[in-house]
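Asks: Numbered according to UniProt numbering, the sequence shown terminates at residue 171, and the numbering increases by one at each position without gaps.
No lab work stands behind these hints: they were computed from the structure. Be a bit skeptical, because a hint or two may be false.
To be verified - Derived BS3-like pairs (lysine-lysine); straight-line CA-CA distance at most 27 Å:
#1 Lys117 to Lys130
#2 Lys31 to Lys117
#3 Lys130 to Lys81
#4 Lys63 to Lys31
#5 Lys83 to Lys130
#6 Lys83 to Lys31
#7 Lys83 to Lys63
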Amino acid sequence: RNLTVFSQIQPIPIPITTTNLSISDESLRTKGFNLHRTITDLNLDHLNSVFVAVGFPRRDTEKIQIALENTDSLLWIEYEKTKRPVAFARATGDGVFNAIIWDVVVDPNFQGIGLGKAVMERLVTELLRKGITNIALYSEPRVLGFYRPLGFVADPDGIRGMVYSRRRNKK
């Protein structure tokens, strides 16, 4: 199995407030989208379908449930007409100093209308309000340009992320 190491990026410390969100909660509602901050009403099979649609491997829904129960902050956007998730992002961390953003996805049928930006802006705002200022994420190189306007840059200290890989000997 090949393991892909993603680029680690860190945010520029810029203040984000609800007054400078690119799309307001009200505008989301007007366009037929509902914003959620808990896993209540989140159908994990539907979320898994979004993961697969963007190229993530299909995941065991029981493991997704455990991961989400151990997530500090999450946001997802539901399309009102279908009651299905169309955008999602979550963060884990120590609750004080550090957080890592994971699983930023937008259903391909809903990309390009600001939903990814909406979940990212709100997730970063929530982390900053908690006093967490060291926020990292791992990104595929092809989407780095999405994160830069949101204040993320390649780590200015030149720190490179590393991934543990356990090689199994085939006998």
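Asks: For every hint, state whether the structure bears it out.
Replies: Hint by hint, here is what the structure shows:
{"no.": "1", "hint": "Lys117 to Lys130", "verdict": "holds, 20 Å"}
{"no.": "2", "hint": "Lys31 to Lys117", "verdict": "holds, 15 Å"}
{"no.": "3", "hint": "Lys130 to Lys81", "verdict": "violated, 33 Å"}
{"no.": "4", "hint": "Lys63 to Lys31", "verdict": "violated, 32 Å"}
{"no.": "5", "hint": "Lys83 to Lys130", "verdict": "violated, 30 Å"}
{"no.": "6", "hint": "Lys83 to Lys31", "verdict": "holds, 14 Å"}
{"no.": "7", "hint": "Lys83 to Lys63", "verdict": "holds, 22 Å"}
Violated hints, in rising order: 3, 4 and 5; the structure is consistent with all others.
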